[in-house]
Every structure is written in structure tokens, then in C-alpha cells.
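Line order of the protein sequences matches chains H and A. Residue 0 is where the first sequence starts when you use numbering that gives the first Met the number 0, and the numbers rise one by one after that. Residue 0 is where the second sequence starts when you use numbering that gives the first Met the number 0, and the numbers rise one by one after that.
A few of these clues could be false.
To be verified - Footprint (simulated), chain H over chain A, 3 or more residues, beta carbon under 8 angstroms:
#1 61-72
#2 158-165
#3 191-201
Unchecked claim - Beta-carbon label-pair distances, calculated as ranges:
#4 H:G45 <-> A:R216: 38 to 44 angstroms
#5 H:G18 <-> A:V26: 35 to 41 angstroms
#6 H:A129 <-> A:G52: 45 to 51 angstroms
#7 A:R51 <-> H:R47: 47 to 53 angstroms
#8 A:L18 <-> H:G45: 36 to 42 angstroms
#9 A:S45 <-> H:A129: 45 to 51 angstroms
#10 A:A88 <-> H:L75: 31 to 37 angstroms
#11 H:R128 <-> A:R83: 55 to 61 angstroms
#12 H:L200 <-> A:R134: 37 to 43 angstroms
No wet-lab data here; the hints were simulated from the structure. Just so you know, even glycine gets a beta-carbon here, dropped at the ideal spot from N, CA and C.
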Amino acid sequence: MWDGEAAWAALPVVLEGFGVTLVATVLAFAVAMVLGLALALVQRAGPRWLALPLRGAAGFVRSTPLLVQLFAAWVLVPGLDAPTLGVLVLGVHYATYLSEVYRTGIDSVPRAQWEACTALSLPRRRVWRAVVLPQAVRNVLPPLGNYAVSMFKETPLLSVITVREMVHEANTFGSTHFAYLESFTLAAAVFLLASWPTSVLIRRLEARLAH
Amino acid sequence: MADFLTELRRALPRLAEGLLVTVEATVLGAALALLLAYTLGLLSRSARRPVRGAARVVVEFFRGTSLYVQLFWLFFALPMVGFRLEPLACAVLALGLNFGAYGSEVVRGAVAAVPRAQTEAAVALGMGPVLRLRRVVLPQAHALMVAPFKNLLIQLLKATPLLSLVTVPDLTFQIDQLRSATGSTAASYLLLLGLYFGMAVVLSLLMNALERAAKARLSDQVGSGSGGRRRGSRGGGGSQGGAMASDDNAARRGAGRREPDMIRKTGPEARPGQERTV
Numbered sequence: 000m001w002d003g004e005a006a007w008a009a010l011p012v013v014l015e016g017f018g019v020t021l022v023a024t025v026l027a028f029a030v031a032m033v034l035g036l037a038l039a040l041v042q043r044a045g046p047r048w049l050a051l052p053l054r055g056a057a058g059f060v061r062s063t064p065l066l067v068q069l070f071a072a073w074v075l076v077p078g079l080d081a082p083t084l085g086v087l088v089l090g091v092h093y094a095t096y097l098s099e100v101y102r103t104g105i106d107s108v109p110r111a112q113w114e115a116c117t118a119l120s121l122p123r124r125r126v127w128r129a130v131v132l133p134q135a136v137r138n139v140l141p142p143l144g145n146y147a148v149s150m151f152k153e154t155p156l157l158s159v160i161t162v163r164e165m166v167h168e169a170n171t172f173g174s175t176h177f178a179y180l181e182s183f184t185l186a187a188a189v190f191l192l193a194s195w196p197t198s199v200l201i202r203r204l205e206a207r208l209a210h
Numbered sequence: 000m001a002d003f004l005t006e007l008r009r010a011l012p013r014l015a016e017g018l019l020v021t022v023e024a025t026v027l028g029a030a031l032a033l034l035l036a037y038t039l040g041l042l043s044r045s046a047r048r049p050v051r052g053a054a055r056v057v058v059e060f061f062r063g064t065s066l067y068v069q070l071f072w073l074f075f076a077l078p079m080v081g082f083r084l085e086p087l088a089c090a091v092l093a094l095g096l097n098f099g100a101y102g103s104e105v106v107r108g109a110v111a112a113v114p115r116a117q118t119e120a121a122v123a124l125g126m127g128p129v130l131r132l133r134r135v136v137l138p139q140a141h142a143l144m145v146a147p148f149k150n151l152l153i154q155l156l157k158a159t160p161l162l163s164l165v166t167v168p169d170l171t172f173q174i175d176q177l178r179s180a181t182g183s184t185a186a187s188y189l190l191l192l193g194l195y196f197g198m199a200v201v202l203s204l205l206m207n208a209l210e211r212a213a214k215a216r217l218s219d220q221v222g223s224g225s226g227g228r229r230r231g232s233r234g235g236g237g238s239q240g241g242a243m244a245s246d247d248n249a250a251r252r253g254a255g256r257r258e259p260d261m262i263r264k265t266g267p268e269a270r271p272g273q274e275r276t277v
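Bound conformation, chain H alone (with noise of 0.2 angstroms):
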């Protein structure tokens, strides 16, 4: 049953597969947290005619399969190869997401810190720069790393888009050696190690953050 020289065989071959899976989320994470923020102050504070249908549209893109949007966008959007594409939907796709916990992480920044911008009349610009989002990110930190976590979680799909990620290359090892316990196998438990001490990680900063 478990051959552990095929299992050794494929550790190089998925922890390659990984390195990509890793710098996926790093760039789709960076546009997801860039596109969200600017998603919630469009929202927030942008004119109207922009922010209705922004929101219709991040709406739509949230409870839509993924799946399906890496699909769509691979055979409509010519010109880019997989791994940018696959970044782009996936940021794109968390940054609805993310523009959602901003908002909540906007509203939890007291009234009164608004009044005193108000009062020191504080250029607009520089009430959301220097006093609002600073408040607002920290409070929502432990969201945004559940977050990121999740979307670790999700790059597997890009591999229906031939992006060679982890899953990708466990499946094609186990493919071509027919070894896909092995493979699949080490792919769970890289995915368990990398994933369970951030949450960990993450957790304790929800903790400390709480009072």
C-alpha cells in the first residue's frame, strides 16, 4: 500500500509545487488587501454613481463560484499567461471579501476619533491616512490572516487553469508513477503544517488585540 521510496520520490516534486502554491497567495493576497481597501473607501466615500454598481458587481463576483471565474477569465481574457491570471482572479475574487471585513474594521473606529478630525479640521485625505485606516487594518488584522489562510487553501484551483502548483504537480506524480496516495498524501500534510501554526499564530494576535 504506502510505497515510502515512491513518497520520497514525489517530496521534491510537491514541495516545488508548493514554492509556487506559496508565492500565488503572496501576489494575490497583495492585490486582494489593495483592491479590497479600495472596493470599501469607493464604497464608503466615493460618489454614488461608482459605488452602487462597485457594490452590485463585488456582490455578484462574491457568491460566484471561483472556480468557474478562473475558467471564464482563462478563455476570455487573452494575452496573459496562467500564473497572472490566476493571481488576478484570485485577488480580484478575495478582494470582495476583504473590501467586507475593511468596512467592519472602518465602522469598529469610534465616532469621537471622527469629531476630534473634525474639530482639528484635518484635511479628508488626511483623516482616513493618518487617524481612520490605521485604526481600522489593526482591528481587523485576525480576519485578514484567516483570510490569507483560506486563500492558501484555495490556490489549488488554479491548477485547472495549468498553473503548476502543489496539487498540480501531486497529481501529475501520481499520474506518471501511479503513486497517488503518496502524493496526494504529502500534499495534505505540507498543506496541514503550513496552514495549522499560522492559525495558531493567527489566534493568538486575536487575543492579544482583544482588549
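For chain H, the structure is supplied; the task is to place chain A on it using the hints.
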């Protein structure tokens, strides 16, 4: 476009079949997930350490290893150990295990958010552990669970296109067939996204109704006064207790919008944006 429409009309029965498969997987996966969520969630609050520990390990395992790996493991690796499951069974099992683990955290958090005094009062009345759970703790916890469960259910629905990756002829598979038959890629995928959006909206409305029912049941049983106190004791500032009691009635008359937010804030583990605590 006209070609697409005629092809679409011809493909309608197959699309309906695909839709049925997707709905079936969603319902069965959600049922299994719910069962596991309750079992694991209640076990991880057990007074016995080994029981609690075992439940935690299972939960962390199924949350920590990606759903996709779980599904592929069941589909590709399990047959190598000698068990071959139907593709649909693989998918339902993977969805159930993964979302059950996430759901168990919702159950655990909601039960933990019910004030201790409620349990103590039930003990004082001489209720046994099962009766206590069934008549006192769970009805209150239910109202807190529905909103995070709604999020999980929609996540689960959105994970169902994975079925097509393990050869199940679901909606995504059928629409992909339509796409290759017509060559109208944009129209096909737009249709698929639209159908999923529709399903998400329907599920969302269904869960909102469920949440209203859970809360209405609660305030019918305990009366709005004690309902308000229950929340006031957790929502910070005791001075809000009285205001919330009257809000409760306003919300029941159909305002509805404010109440979920207030309820969600009561439990430390049930805040919006944190439903998918990983």
C-alpha cells in the same frame, strides 16, 4: 447568439439534470456537514479532556488540509488502498468533512456565547445534561448560528463546481458541454455564473427566513424582556438592555435588518468576517 439560444433550448433537459446533481450535492454535503458540525462542536466542549482533544484534532485536520486535496485524495488515493467510492459520494464526503469542521467552530462558538447563568439556572431547576442542552442552551445558540451557517452554506455551494473535476456530470460539466457544442464561451459562462448567483440568492433568502424564525421562537418562549437582557449582558454597556428589548419587537415586526448585526456581535467567535476562522 441565435445559434446559442437554439442549442440552449436543445440542451435544457441536460442542464436541468446537471442542476439537479449540483443541488443534490449541495443538500447532501450540507446535511453531512451539519451533522458533523453539531457532533464535533459539542464534543469539543466536553468536560473530558481526551474527548475534547480528539475532537480538536479532527477539526484541525479537516480545516487545515485543503478541501481540494481532500476531494482528490478520496477520488484518486483511496482506490489505491482498496476502497472505491462513487465520484458523487467522494464529493459529498469531502464537502461534508471540510465544511463540517468549519461548522463545528460555529457551533462551539455559539454554545460558548450562551451565558453561563442559563446553564446554572437549568441545573438549579434539576434539569439533566441532555434536557439542559435541548431546551435551554441550543435554542439560544441556534439564533447565533444561523448567520455564520449561511456564509458556510454559500461557500459550500460555491465549492460544488469541483464536482466536474472528479467526473460528476454537474451543472458546470453540462454547461461546459454546451460551450464546446456552441463555441459561445462568454454566453455559456455568463449563464453558469448567473445560475450560481441565483442559487446563492435563494439560499441566502432561505437562511434569512430561518434566522427570523429561530429568533421569533426564542422571544415567544422567553418573552422579549429576558431576550433583551440576554443580549445586553454580552453586548457591552448594560444601559442598552432596555433599548434592545424594544428593538426586539420592532425587528420582529419586519425591520429585521438591525437584529442580525446585534446578535452577531454578542458572541466573540461569531463576528462578521470571522466566520471562516481558519
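CB of R51 of chain A to CB of R47 of chain H, is that within 47 to 53 angstroms? holds (51 angstroms)
Cut-off 8 angstroms, C-beta pairs, minimum 3 residues; does the coverage of the segment 61-72 of chain A by chain H stand? Held - the segment 61-72 of chain A has 10 residues with a Cβ nearer than 8 angstroms to chain H, which meets the minimum of three.
At the C-beta level, are S45 of chain A and A129 of chain H separated by a distance inside 45 to 51 angstroms? holds (49 angstroms)
Beta-carbon spacing of A129 of chain H to G52 of chain A - inside the hinted bounds 45 to 51 angstroms or not: Because 47 angstroms falls inside the window, the suggested range holds.
For the hint 36 to 42 angstroms, verify it against the beta carbon of L18 of chain A and that of G45 of chain H. With a Cβ separation near 37 angstroms, L18 of chain A and G45 of chain H satisfy 36 to 42 angstroms, so the hint holds.
Is 31 to 37 angstroms right for how far apart the beta carbons of A88 of chain A and L75 of chain H are? holds (34 angstroms)
Count the residues of the segment 191-201 of chain A with a beta-carbon closer than 8 angstroms to any beta-carbon of chain H: does the count reach three? holds (count 6)
Status of the given 35 to 41 angstroms range, CB of V26 of chain A versus CB of G18 of chain H: This hint holds: roughly 39 angstroms between Cβ atoms.
How does the coverage statement for the segment 158-165 of chain A fare against chain H, requiring three or more residues with Cβ below 8 angstroms from a Cβ of that chain? Holds, because 5 residues of the segment 158-165 of chain A bring their Cβ atoms closer than 8 angstroms to Cβ atoms of chain H.
The hint says 38 to 44 angstroms between G45 of chain H and R216 of chain A; measuring C-beta to C-beta, is that right? holds (41 angstroms)
So does L200 of chain H sit 37 to 43 angstroms from R134 of chain A, Cβ to Cβ? holds (39 angstroms)
Given a hint of 55 to 61 angstroms, does the C-beta separation of R128 of chain H and R83 of chain A actually sit inside it? holds (59 angstroms)
Comparing the model with each numbered hint stated earlier shows that all of them hold.
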